[in-house]
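A.B. asks: Chains as they are written, first to last, in numbering that gives the first Met the number 0: chain H, 0 to 198; chain R, 0 to 73.
By construction, these hints were calculated from the structure, which means they are not laboratory data.
Even for Gly, the Cβ is constructed at its ideal location relative to N, Cα and C.
It is possible that part of the hints are untrue.
Unchecked claim - Selected chain R positions facing chain H (in silico; Cβ < 7 Å):
#, residue
1, 12
2, 23
3, 26
4, 27
5, 28
Said to hold, decoys possible - With a Cα cut of at most 30 Å, we get these calculated DSSO-like pairs of lysine-lysine:
#, chain 1, residue 1, chain 2, residue 2
6, H, 27, H, 120
7, R, 13, H, 120
8, H, 90, H, 179
9, R, 14, H, 27
10, H, 90, R, 13
11, R, 13, H, 163
12, H, 90, R, 14
13, H, 27, R, 18
14, H, 179, R, 18
15, H, 169, R, 13
16, H, 120, R, 14
17, H, 179, H, 27
18, R, 14, H, 179
19, H, 120, R, 18
Stated by the list, open to error - The calculated label-pair distances, taken between Cβ atoms and stated as ranges, are:
#, chain 1, residue 1, chain 2, residue 2, range
20, H, 131, R, 32, 53 to 59 Å
21, H, 99, R, 28, 24 to 30 Å
22, R, 32, H, 32, 32 to 38 Å
23, R, 14, H, 141, 49 to 55 Å
24, H, 50, R, 2, 55 to 61 Å
25, R, 4, H, 50, 36 to 42 Å
26, R, 41, H, 130, 19 to 25 Å
27, H, 165, R, 10, 36 to 42 Å
28, H, 45, R, 38, 25 to 31 Å
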Amino acid sequence: MTTLDTTPEETTAESHGEYHQDMSFQPKANRIGLWLFIVSEMFLFGAFLSARWFSTGTLKPEELNQALALLLTIVLLVSSISAYLAETSIKYDHRRNFILFTVFTIVMGLIFMGGVSIEIKEALHAYPPETPYGTSYFMLIGLHAFHVITGLLALTMVLILGLKGHYGSKQYWGVEGVVKYWHFVDLAWVIIYPTLYLF
Amino acid sequence: MTTQQQTIDHENLKKATRKGIIAAVILAVLTVIEFFIATGVENPLLPLLPFVFLKGWIILDTFMHVRALWSDDH
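Full structure from sequences and hints, please.
C.D. replies: Below, the structure written as structure tokens:
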């Protein structure tokens, strides 16, 4: 059938088809875009981490709450595995598990933020922001906490859309992108935790 | 969806879930070892660095699927 033989409705339908065909390549471009964003974030965290090394080396105060920091690390790791399971569930159309694991991830994130607020409260007395260690500590913890909050907001959005039936095995980029971001937040903590508490 | 396809999907889901749980357990064990090294050794920077890199790689590879960036099947 030539273009002259087609009705305007058919032409529109055809061009929509082409559009959808082009869109099938989109997830790969999306992934590369997200990875570029994550790499730029790594540079940002890298700058803050190097500031800690530059200003105080490996010196750290005695008052650090090691037990709480270890607990928070485990909480974030648990949230990471549940985020992974949420993504895997939607990839295979297990909607109920996807919702459950997303809710669990959000709860773990909130517990993490609760722990961080306790840490910050303690840190304000033990090593205030005016001290060299305090400066690095509050910069890194603050930057990371900001990422946790944005991750939680994104996860909540994914949960709401998921409850409305927006995702499935053929279309789960939204979940994948947010979960990848959440894993990045975990990855950043894997480096921040020893830098501030252990080295 | 055919029954055969459903069985394959179920197997893949089980495999992916197992892989994720194993990775999380390894990460948790490494974190605890890291903690004990840090509290027991005087200058723990060098002994802890391999743990940081290993944990980072596990997250990048298992959870973030970084290798999928240069494979065609993703």
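A.B. asks: Determine for every hint whether it applies to the structure shown.
C.D. replies: Verification of the hints:
no. : hint                     : verdict
1   : 12                       : 4 Å, holds
2   : 23                       : 4 Å, holds
3   : 26                       : 5 Å, holds
4   : 27                       : 6 Å, holds
5   : 28                       : 11 Å, violated
6   : 27/H x 120/H             : 43 Å, violated
7   : 13/R x 120/H             : 43 Å, violated
8   : 90/H x 179/H             : 14 Å, holds
9   : 14/R x 27/H              : 24 Å, holds
10  : 90/H x 13/R              : 12 Å, holds
11  : 13/R x 163/H             : 26 Å, holds
12  : 90/H x 14/R              : 13 Å, holds
13  : 27/H x 18/R              : 23 Å, holds
14  : 179/H x 18/R             : 17 Å, holds
15  : 169/H x 13/R             : 19 Å, holds
16  : 120/H x 14/R             : 43 Å, violated
17  : 179/H x 27/H             : 14 Å, holds
18  : 14/R x 179/H             : 20 Å, holds
19  : 120/H x 18/R             : 38 Å, violated
20  : 131/H x 32/R: 53 to 59 Å : 30 Å, violated
21  : 99/H x 28/R: 24 to 30 Å  : 26 Å, holds
22  : 32/R x 32/H: 32 to 38 Å  : 36 Å, holds
23  : 14/R x 141/H: 49 to 55 Å : 40 Å, violated
24  : 50/H x 2/R: 55 to 61 Å   : 58 Å, holds
25  : 4/R x 50/H: 36 to 42 Å   : 53 Å, violated
26  : 41/R x 130/H: 19 to 25 Å : 23 Å, holds
27  : 165/H x 10/R: 36 to 42 Å : 27 Å, violated
28  : 45/H x 38/R: 25 to 31 Å  : 27 Å, holds
Taken one by one, the earlier hints fail for this structure at numbers 5, 6, 7, 16, 19, 20, 23, 25 and 27, listed in ascending order.
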